[in-house]
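Listed below are the residues making up each chain.
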Amino acid sequence: MSTERIIHLADISFIVGSLHSLQRDIGSVSGQVESVGQELNATRTELSQLEQAFAEFVAADLQAKELSLAETRQVKIRQELETTFGYYGVVRRQATGILQAADVSLVRQETLRGATEELMLSAPRYWLAPALVALAAWLGDNKDLASRALAEAIRRDDEKTSLFFALIARRAGRAQANSTWLDRYFGLQNPYQLDRQTVVMLDAMANGVFGAAVSMQCSKRVTAWIEEISQRAGFVETQRTQWSEALLSKAPHDNHGERYSHLQRLSPSWKSLNDSLNGVAMHAVVLAHFHGVFQGEITPAASMLIAVDDLLTKLVTRFDDEELPLRRKEELCSLIIEENGDKRTAQSRYDLQSKTLEEQVDFTQLLTNAAMHPQASQVSRATQRFAIAHSRDWIVDAHQDVAARVRMKIPSQIEVSLEDWIGTTTNGNNEPELLGSIKTHLQKREVDALSQVKLGMGHWAGIVFGVVLLLMSFSSGMVTLLMGAACLTWVYIAHRKLAGMREKIKADYMRLQEQSAQAVRACMAEVVELRRDISKRDSSALEVTGLLKGISPEQHILSSHDSVRRVMVAGQ
Amino acid sequence: MARLILGTKPIQTTVVNPVHIFAGNRLSPQSLQARLRQKRSARYIDAMTQLDAGGHVHSTAANQALQDAIQQELPDVTVDALPLGVVSKCYLGAPYEVHTLDCTGGIVKHFKCGETLSPLMERARSLANHPTYAFIEVYSTKLIAVSASGQTAIIEA
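Top line first, the protein sequences correspond to chains A and B. Using our numbering, the first residue of the first sequence is number 80, and each one after it goes up by one. Using our numbering, the first residue of the second sequence is number 3, and each one after it goes up by one.
Incorrect hints may appear among the rest.
In the DSSO-like style, the derived pairs of lysine-lysine whose C-alpha atoms are separated by at most 27 Å in a straight line are [to be verified]:
#	chain 1	residue 1	chain 2	residue 2
1	B	Lys114	B	Lys144
2	A	Lys523	A	Lys585
3	A	Lys408	A	Lys155
4	B	Lys41	B	Lys114
5	A	Lys329	A	Lys518
6	A	Lys393	A	Lys408
7	B	Lys144	A	Lys422
8	A	Lys518	A	Lys615
9	A	Lys585	A	Lys533
10	A	Lys299	A	Lys518
11	B	Lys91	A	Lys329
12	A	Lys615	A	Lys628
13	B	Lys41	A	Lys299
14	B	Lys111	B	Lys144
15	A	Lys615	B	Lys91
16	A	Lys488	A	Lys350
17	B	Lys111	A	Lys350
18	B	Lys41	A	Lys488
19	A	Lys488	A	Lys299
20	B	Lys41	A	Lys393
21	A	Lys155	A	Lys350
22	A	Lys408	A	Lys422
23	A	Lys576	A	Lys155
24	A	Lys585	B	Lys41
25	A	Lys408	A	Lys144
26	B	Lys144	B	Lys91
27	A	Lys518	B	Lys144
28	A	Lys488	A	Lys533
29	A	Lys576	A	Lys533
30	A	Lys628	B	Lys111
31	A	Lys144	A	Lys583
32	A	Lys518	A	Lys533
33	B	Lys114	A	Lys628
Simulated from the structure, these hints should not be mistaken for lab results.
Could you put the whole structure together from the sequences, leaning on the hints where they help?
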């Protein structure tokens, strides 16, 4: 009672008020903290924006500097180019004009000769200048000057001079000169590193752009390249392996189970048999492929002729090797300017361009790609024929290997399995033997099954118990007699049932024998058919060999289709 | 690209030097493969296809002649790279199916259908029965199927 009074009397309003005040203060502090947090977030965002803006500024500044630097460098490089190789540009411009003039015969010989001789004086190291003097001398029937100018052009750049005159001779329809120059040009090539223009020339040669006689001559050069490359250790085997894989990839992956349904169901050898059927089916596919390549008339595409003419244009308008380092620097500067000072993007564009321009291929890689992947390597069917003809020996060897490998995998023994019976056959000619074997096997199983159908221990116990009860009935009365009789009756009924079961087993085995014999006969018939099928498909291998051996590189060079002069387009 | 002739390192190629071959030096794996792939001579094929004559089974001289024929056919191949045996279809008639020449022991054996060959020779059995091939040379890591024309086909193990 006294405790209640003390509480009642205490004045806690002050404490309550203080607590309320504290709560308000905490609320106020919490609000302030939240406000500070918001301000901090805003500050962070602003800082991030500032950082981004700064980074952008730095990048823009860097780009601006790179741009400015590139522009300055470009001017310097151009000045250097103008100073050092300025006359080369004049020679190139005039070369285009001279070729056009030569094509349409609109300029007097004297003018041509004067212009070219002046060029000769202006460009002391450039191969094109003496080449143009030689051309003008040739047009003016001045053999002596032509020879001397040619000798100088060849001394300055044999490869380009040879290609230049090969292309000029082709335009002029001079087969003999074309042949000589082209052979010289191909003779200078390194078969391990062919550049894009040689690839175009080879494609053109295969398409008969230069005429049959010229192409034949150059084809011999190509044969010599192959002989040279073949000396490289392991090269020929690599080619054969590549061709083996290419030929094997032509094998179909069909399931022949519909045609050979019994073997599919009953032969454990089915997978090997199906694989073998697909393996030997490869020959027909390969034969069809090569027939497809070698049959039909091919006319060279107009694009081919344009490509060859373009070569001449490029040859006389393209920068010379001497200028290339400076020209490359200039190109990079131009790209940097184009990309507004973004050096990384400009560099990647430059690298991509350089890779395309400087692409060099191995001649055999060119042959393999042309023969195996014509679509991917964008070669014409004529070049595909040419490539296959030159790879013929490797293909024949690879085909022999693949054919032998497929033949080795054909199962010599074919198994037939019916439940727990397994029989083997080679050609399906041991049918009576297999029928006898399965009959004996089933008879044995029948005997075993019948031997299982007999009275059990319970039945024998019933007989003994029944007999004992019957004997006891003489002294024990009717009940015992009835029990004994019931036991014996039960055993009798069971015995009758066993006889019925035996009859059923015999009937089942009879039916099984008939069905098994039919299945074995069907399998043997299918084995005979399958062996015939495999043999027929395998015989196509001979046709493939015959077709391939009949191919010669000389046969697959088209005759010339172009004798029309084309006037070069100025400014190309 | 123009061929570089002077002042540059020549392209590395391995050319089989005939002098080395005849000096009995061991061929490189690539050269050996190329050598084994070469077409077989008619004389060699005749010698190998005479196994059916039957005299070889018991004649040491005949077996030696066969081994000599192999060595003459592949004179530049060292003994350890020569075929270990030859398997071919037997034309003695049923029940014989194939016969083998064991080059190490110089033994000719005729095998009946279903009779098992040594594991080394057994893998050549189905090819030996193929009508395209005159006989099969058995090596430790490969088989070389030789057709009647001498054309070879190599099956790597």
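Here's how the hints hold up against the structure:
no. : hint                   : in the structure
1   : B:Lys114 with B:Lys144 : holds, 24 Å
2   : A:Lys523 with A:Lys585 : holds, 12 Å
3   : A:Lys408 with A:Lys155 : holds, 11 Å
4   : B:Lys41 with B:Lys114  : violated, 30 Å
5   : A:Lys329 with A:Lys518 : violated, 44 Å
6   : A:Lys393 with A:Lys408 : holds, 20 Å
7   : B:Lys144 with A:Lys422 : violated, 58 Å
8   : A:Lys518 with A:Lys615 : violated, 34 Å
9   : A:Lys585 with A:Lys533 : holds, 15 Å
10  : A:Lys299 with A:Lys518 : violated, 70 Å
11  : B:Lys91 with A:Lys329  : violated, 30 Å
12  : A:Lys615 with A:Lys628 : holds, 21 Å
13  : B:Lys41 with A:Lys299  : holds, 24 Å
14  : B:Lys111 with B:Lys144 : holds, 21 Å
15  : A:Lys615 with B:Lys91  : holds, 20 Å
16  : A:Lys488 with A:Lys350 : holds, 11 Å
17  : B:Lys111 with A:Lys350 : violated, 33 Å
18  : B:Lys41 with A:Lys488  : holds, 24 Å
19  : A:Lys488 with A:Lys299 : violated, 40 Å
20  : B:Lys41 with A:Lys393  : violated, 48 Å
21  : A:Lys155 with A:Lys350 : violated, 74 Å
22  : A:Lys408 with A:Lys422 : holds, 13 Å
23  : A:Lys576 with A:Lys155 : violated, 117 Å
24  : A:Lys585 with B:Lys41  : violated, 64 Å
25  : A:Lys408 with A:Lys144 : holds, 17 Å
26  : B:Lys144 with B:Lys91  : holds, 19 Å
27  : A:Lys518 with B:Lys144 : violated, 43 Å
28  : A:Lys488 with A:Lys533 : violated, 51 Å
29  : A:Lys576 with A:Lys533 : holds, 10 Å
30  : A:Lys628 with B:Lys111 : violated, 37 Å
31  : A:Lys144 with A:Lys583 : violated, 103 Å
32  : A:Lys518 with A:Lys533 : holds, 24 Å
33  : B:Lys114 with A:Lys628 : violated, 38 Å
In this structure, the earlier hints numbered 4, 5, 7, 8, 10, 11, 17, 19, 20, 21, 23, 24, 27, 28, 30, 31, 33 are contradicted, and the remaining ones agree with it.
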